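**Student:** Each chain, written out:
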Amino acid sequence: MGRRHVLLLWAIAMALTIAALNPVAAQTQKSTLIFAVESLSGQTMDPILEARPGNAIYQAPMYDSLVGFDLDKGGTGPGVAERWELSEDGLSWTFYLRPGQKFHNGDPLTARDAKFSLQRQMAPNSLASAAATLRRTITSMDVVDDLTFRVNTVTPQIGLPASLSRAVATEGAIMPKDYIEKVGEEEFRRKPIGSGPWRFVRSVPGDRIEYEAVAWPHWRGTPHFKNLQILLVPEESTRVAMVRTGEAAIASIGPETMMSASRGGLEVLSVPGTMQALYQFWGVYRPEFKASPVADPRVREALSLAIDRQQIIDHIMNGKASLPYPFAAFGYTDYFDAPKWKQWADKAYRYDPARAKQLLAEAGYPNGFELNFANTALPGTQFMVDIGTAIADMWTKIGVRVKLKNYEWGSFAPLIRGDQAHLVGGVSMYRTVGRPDMPWRYEGSFASDSEQHLLGDKTNCDTYCQAFDSTYRELLSERDPAKRTLLTDRLVQTVSDTWVAVPIIEGMGYYAINSHQVGQFAAIPGRHELGDVFERIPRPEEKPWKQ
Amino acid sequence: MTRYIVHRLLQGVVLLCMVAMIVFFLGRLTGNPVDLMLPEDATAEDRVAMIKALGLDGPLYQQFFIFVGKALHGDLGDSIRMREPAVDAFFSRLPNTLALIPWAILLAMGVGIPLGVLASLNRGNMIDRIAGIFAVLGIAIPGFFLGILLIFVFSVQLGWLPSGRMGGPEHYVLPVITLGAFLIAGFMRLVRSSMLEVMDSEYVKLARIKGLSEFVVIWKHCLRNALIPVLTLWGVFVGNLITGAIITETVFAWPGIGRLTYEAVIYRDFPLLQAVIILKSMLILSINLAVDILYAYVDPRIRLA
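So the protein sequences, as listed, match chains A and B. Under our numbering, the residue at position 544 of the first sequence is numbered 544, and the numbers go up by one with no gaps. Under our numbering, the residue at position 293 of the second sequence is numbered 293, and the numbers go up by one with no gaps.
In case anyone wonders, no lab produced these hints; they're calculated from the structure. Computed from a predicted structure; not experimentally measured. Virtual Cβ for every residue (Gly too), placed ideally from N, Cα, C. One or more hints might be untrue.
Listing some non-contacts, in silico: residues in chain B with all C-beta distances to chain A over 12 angstroms [unchecked claim]: (1) Phe64; (2) Gly167; (3) Gly211; (4) Val216.
Simulated crosslink set (DMTMM-like; lysine to aspartate or glutamate; CA at most 25 angstroms straight-line) [what the hints assert, rightly or not]: (5) A:Lys115 with B:Asp88; (6) B:Lys70 with A:Asp449; (7) B:Lys52 with A:Asp334; (8) A:Lys177 with B:Glu170.
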């Protein structure tokens, strides 16, 4: 063999080695995807120290969740666990993990990691929002084998898989047991490791978090970009300017900025079904309000009929919102007959001021009445205040004398608790976020022993209140999907008939996009944050992920 | 002089105690961080558990005594949101703000002082009026509006400068202008009125009679004396810059202590808010003390008084 042949063989061997060390995915990943967001919340990379929005925005790229998403419809879908099943007695859930998953340090992801992660989420030092509920409901956890993990509960917990999905909460995030035990919590917080499609590079407090795409094919999607940067830019105008100048590719915006972003040549992405803006009456079941106009369901229905929801959608939400489903229900809600209820809602939530006036007259208030209205906006949805102001004006047009009082959320939230003295007998703005497990939300608002107890409390529980409590109890332990759907129907009907909590619009999440920097993509319905979408966002020259 | 310094230091300690007390109780009137950390459908049980985990479960007076006890040992608590010592969070962001402030002062002095001199030399004519308009605009235009306007013109329309964030020298231009605009006006007005007073004094007339050039009279004799009141207010101006940085840093996504203050307020991060306000107060008090001492040296009447 001549010297030339030896050199040729050596060159081929080198090329093959490089190719093997640098897989195809890594070769096609290039440039940096820059996303500007208004808040990085705690900017901590430990999932047990972060609330839902932060987890969904900046922890989601690097951590996988036990239960994932249905990318097309919204709601829950396969995640680290590809499937899960409830035991015959309803007291344990078994999760089957997908094989071949690994953490960024190369350690395999197994059922032991899933158990360890849930234990961390339930620990006393955890700030996970449902830590206390999980501690109360979960009795034990078993590692059946490397890929099988069982959670045993005190009572049947039909909604547990949804609670362990990022569609709902942070508690499903999977962390590396061996690594944390080896380096300790402090070191893990400095150099976190997850199993998501992006690995952590650095976090600059108050400025940004940087990630690098993993080089192997990931079940969530292999990133098209080599790097990801999430920038903290609190001022919305600055975020939009950054997208216009190309300093960022995508920025979160509010509905009030959509028009100017479009006029500035940016694309606007709307994520459907992320929230419902609603209003709700407080304590109207109490004996002292028996003679109050708002104690009469006809009056409450009249107030709904007086609202021109399309006007609100067109003028406050700039057309990027839709007519709502019933309370806390969305197109992707589990065990819910969405088409049937959509039809119902379109009729029930129509604009019919004549009928509203007629109902008021029938109830004995042809000249209207005085109504206390607490207007507020929950964090992240400031436009709710404008919606509140608009509906107060619409109620005035049917003769209701609205006494409007605006509250900042921080001062409104404490009013809900205890005797609700500042709210009872009146109405307030409220919100529900898009999540697939509706009964959980209903329980928090309507059960007689809940914090809000809008239908009745333990001492004043009328027919509606009792009907709700009994249906909810039945629903908790019902395993049959068809029967669950029927029970959900009953629950929705009970609440809807009372007109105590009434949706106004179904809102969306909004993003300004520079189409020269990223290709076309779609968000997950109901999922405002993009933490689980970054890996699917194509570069501009690539074909769209979804039309 | 020592007595004067000790007196001022004692005043500072009393003031800090008052600031700490006001921030502690006022901050808690604005709501509870748990309401912002938990979703709206969280159970009462989860709420109680989180309040306990964050150490917010005791009565208010008890929390205050714990805070004072720790503060006396230099521990201002941990940030609720970031789960790190609030003092560390402050000092990790302070250099970013301090990187901005000297440039804003330099800009303000570089533009404001000559403009003030120019206005005083042309009292009542067009130049004075134009300088006056600048001064009024500098004071009247809110920082957030000026910042957004500058971003729109120089970043979006002209594409000359970045819209925000820390980075190379080009990243400093717009935040420094926004932060310094108010001070330019302040310096200009102060120097103008001070110059007019000085130019009317006997020693300036004497300098002119002695045949000194107008340049020397104005820039050496008048300006040097006119700058004494500016020195007094320098401390106030730096204080303004530190507090004014909240808006500039928020608009330009600048990760300094101004933004840290904004975030502490937004998230009801009480320990962080307390730490930031107390440490900022200490910073401002120190600067003011330094200026006062300097002024006492310059003007003996102060220390004698």
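**Student:** Find the nearest Cβ of chain A to the Cβ of Gly211 of chain B and say whether that gap is larger than 12 angstroms.
**Tutor:** Consistent with the label, Gly211 of chain B stays out of reach of chain A, its closest Cβ about 57 angstroms off (over 12 angstroms).
**Student:** Regarding the pair Lys52 of chain B and Asp334 of chain A, is the alpha-carbon distance no greater than 25 angstroms?
**Tutor:** 33 angstroms, violated
**Student:** With d taken as the least Cβ-Cβ distance between Gly167 of chain B and chain A, does d exceed 12 angstroms?
**Tutor:** 10 angstroms, violated
**Student:** Quick one, are Lys177 of chain A and Glu170 of chain B close enough, alpha carbons at most 25 angstroms?
**Tutor:** 45 angstroms, violated
**Student:** Is Lys115 of chain A within 25 angstroms of Asp88 of chain B, Cα to Cα?
**Tutor:** 34 angstroms, violated
**Student:** So is Val216 of chain B really clear of chain A, every C-beta pair being over 12 angstroms apart?
**Tutor:** 47 angstroms, holds
**Student:** Hinted pair, alpha-carbon criterion (25 angstroms max): Lys70 of chain B, Asp449 of chain A. Please report holds or violated.
**Tutor:** Distance of about 40 angstroms is beyond 25 angstroms: violated.
**Student:** Is the nearest CB of chain A more than 12 angstroms from the CB of Phe64 of chain B?
**Tutor:** 19 angstroms, holds
Of the hints listed earlier, those the structure fails to meet are numbers 2, 5, 6, 7, 8, in rising order.
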